[in-house]
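Asks: Single-letter residue listing:
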Amino acid sequence: MGLFSISNVGIDGLATVVPQNVYDNLDYDWIPEKDRKKLIQTTGIAQRRYVDEGVTTSDLCEKAVNELLNKLEWERTEIDLLVFVSQMRDYIVPNTATILQHKLGLSKNCAAFDIPLGCSGYVYGLSVVASMIQSGVAKKALLLVGDATYRQLSYQDKTTFPLFGDAGSATALSYKEEVPPMFFNLQTDGEGYQAIIAEDGGTRNPANADSLIMQEIQEGVIRNKHHVALDGLKIFEFAVSEVPGNIKKLLRFAEQDKDSIDYFVFHQANKLMNETLRKFLKIPVEKYPYSLENFGNTSSASIPLSINYQIHQQASKEKLKFLLSGFGVGLSWGSLILETAPFLCLPLIEY
Amino acid sequence: MTTLEEFNSKLEEEFDELEPGNLKTDVPFADQVDWNSVNALIVMAHLKTEYGVDIKVKDLQEVKTVAQLFDYVKRIMVL
Numbered sequence: 001m002g003l004f005s006i007s008n009v010g011i012d013g014l015a016t017v018v019p020q021n022v023y024d025n026l027d028y029d030w031i032p033e034k035d036r037k038k039l040i041q042t043t044g045i046a047q048r049r050y051v052d053e054g055v056t057t058s059d060l061c062e063k064a065v066n067e068l069l070n071k072l073e074w075e076r077t078e079i080d081l082l083v084f085v086s087q088m089r090d091y092i093v094p095n096t097a098t099i100l101q102h103k104l105g106l107s108k109n110c111a112a113f114d115i116p117l118g119c120s121g122y123v124y125g126l127s128v129v130a131s132m133i134q135s136g137v138a139k140k141a142l143l144l145v146g147d148a149t150y151r152q153l154s155y156q157d158k159t160t161f162p163l164f165g166d167a168g169s170a171t172a173l174s175y176k177e178e179v180p181p182m183f184f185n186l187q188t189d190g191e192g193y194q195a196i197i198a199e200d201g202g203t204r205n206p207a208n209a210d211s212l213i214m215q216e217i218q219e220g221v222i223r224n225k226h227h228v229a230l231d232g233l234k235i236f237e238f239a240v241s242e243v244p245g246n247i248k249k250l251l252r253f254a255e256q257d258k259d260s261i262d263y264f265v266f267h268q269a270n271k272l273m274n275e276t277l278r279k280f281l282k283i284p285v286e287k288y289p290y291s292l293e294n295f296g297n298t299s300s301a302s303i304p305l306s307i308n309y310q311i312h313q314q315a316s317k318e319k320l321k322f323l324l325s326g327f328g329v330g331l332s333w334g335s336l337i338l339e340t341a342p343f344l345c346l347p348l349i350e351y
Numbered sequence: 001m002t003t004l005e006e007f008n009s010k011l012e013e014e015f016d017e018l019e020p021g022n023l024k025t026d027v028p029f030a031d032q033v034d035w036n037s038v039n040a041l042i043v044m045a046h047l048k049t050e051y052g053v054d055i056k057v058k059d060l061q062e063v064k065t066v067a068q069l070f071d072y073v074k075r076i077m078v079l
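Heads up: the sequence lines are chains H and L, in that order. Reading the first sequence from the start, the letters are residues 1 to 351 in my numbering. Reading the second sequence from the start, the letters are residues 1 to 79 in my numbering.
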């Protein structure tokens, strides 16, 4: 993998769905009011959206597909590939993509599978779907990407609870002649797999009676082994040291000038990390859309969400050149240069 | 060539709780500011954006003062 390009694939539509419920971080009374203000200032996250109990990532993505297909002139029977990228799948067994194939009324000739990646998931998902379209496996495909993490966070963990928001997206892609190639740079370092982890509930540490025991890890951090744990310092160290090089190599490989990029849409981790990357890479602030303030870190949905939230009108009318970059849990990271013709880019939708 | 004083003056702007001129170069961070993970992240971000230097978490944990941090950065790049 590493650096490669994919031809003859274009984006037809993009929709992102967020829950209606708003969590204001000023109300996060697990920490003192002074600390809440500092947290909002440092992370840039003032509010987040969260799902009702019983609502999953796939429900958000299902709505995104239905809104998209209502406006896109596609028959559901024509769709021959569905990929669901999420860490918050409906079940451990079976895949969620297969359930969605049925719920969405897609053909039995549609291939459907999950990719359980997080922050890098949109870029990786695009690489898989676009490769399968280029190779002739599929002509019209849906990429569903998102995470509804809220229900797997500990309220008593100040290092995770105020950061994450829920969202689900749908991207429609198809085979097209004479569109500019997409350029990718995908990377992995599994040595850092513990930097973001939910320890229990998989097969390495099956869920057991102890999994739900709350434990104090440090001041302000109480969680159980089912909750998502985050080592913010490790993730920061990784992102600021690896992401700039990944992007510079991609630009050189694609023979693209940085100034020719209209928008650099990065995974929305937190303001301190995103601004460090922006300043180091000398990206003008007007080319660097944010969705952090109102939606927090929405994991793999953060890139499509930022596009639907900030650029949907322009992307519907104009040709644009994007550089997308996702980085985090895994550790996994990847970037992509993508040129779009005007496509159906919907404003944000609420669930 | 950046001096220790210039290095310190830029760094202390990152700490909201400090009045200008109050960050001492030879006194441990922990005795001058709330030396928590957020402030550690702020220092890491400052080194990257100002000097292009990546400091490892384990190295930052061993650095106690501004003077030691200045020496670390100097070892990596010529200031």
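The set of hints was computed from the structure by calculation and includes no laboratory data. Computed from a prediction, not measured in an experiment: that's the story for all the values here. Each residue gets a CB set at the ideal place from its N, CA and C atoms; glycine is no exception. Check before you lean on any hint, since a few could be wrong.
What the hints assert, rightly or not - For the chain L half of the interface with chain H, some residues (derived, Cβ under 8 Å), not all of them:
1) Leu18
2) Pro20
3) Lys24
4) Ser37
5) Val38
6) Leu41
7) Val43
8) Ala45
9) Lys48
10) Thr49
11) Gly52
12) Asp54
13) Val57
Asks: Hints first: check each against the structure and report whether it holds.
Replies: Do the hints match the structure? See the list:
{"no.": "1", "hint": "Leu18", "verdict": "violated (14 Å)"}
{"no.": "2", "hint": "Pro20", "verdict": "violated (19 Å)"}
{"no.": "3", "hint": "Lys24", "verdict": "violated (23 Å)"}
{"no.": "4", "hint": "Ser37", "verdict": "holds (6 Å)"}
{"no.": "5", "hint": "Val38", "verdict": "holds (6 Å)"}
{"no.": "6", "hint": "Leu41", "verdict": "holds (5 Å)"}
{"no.": "7", "hint": "Val43", "verdict": "violated (11 Å)"}
{"no.": "8", "hint": "Ala45", "verdict": "holds (4 Å)"}
{"no.": "9", "hint": "Lys48", "verdict": "holds (5 Å)"}
{"no.": "10", "hint": "Thr49", "verdict": "holds (4 Å)"}
{"no.": "11", "hint": "Gly52", "verdict": "holds (7 Å)"}
{"no.": "12", "hint": "Asp54", "verdict": "holds (4 Å)"}
{"no.": "13", "hint": "Val57", "verdict": "holds (5 Å)"}
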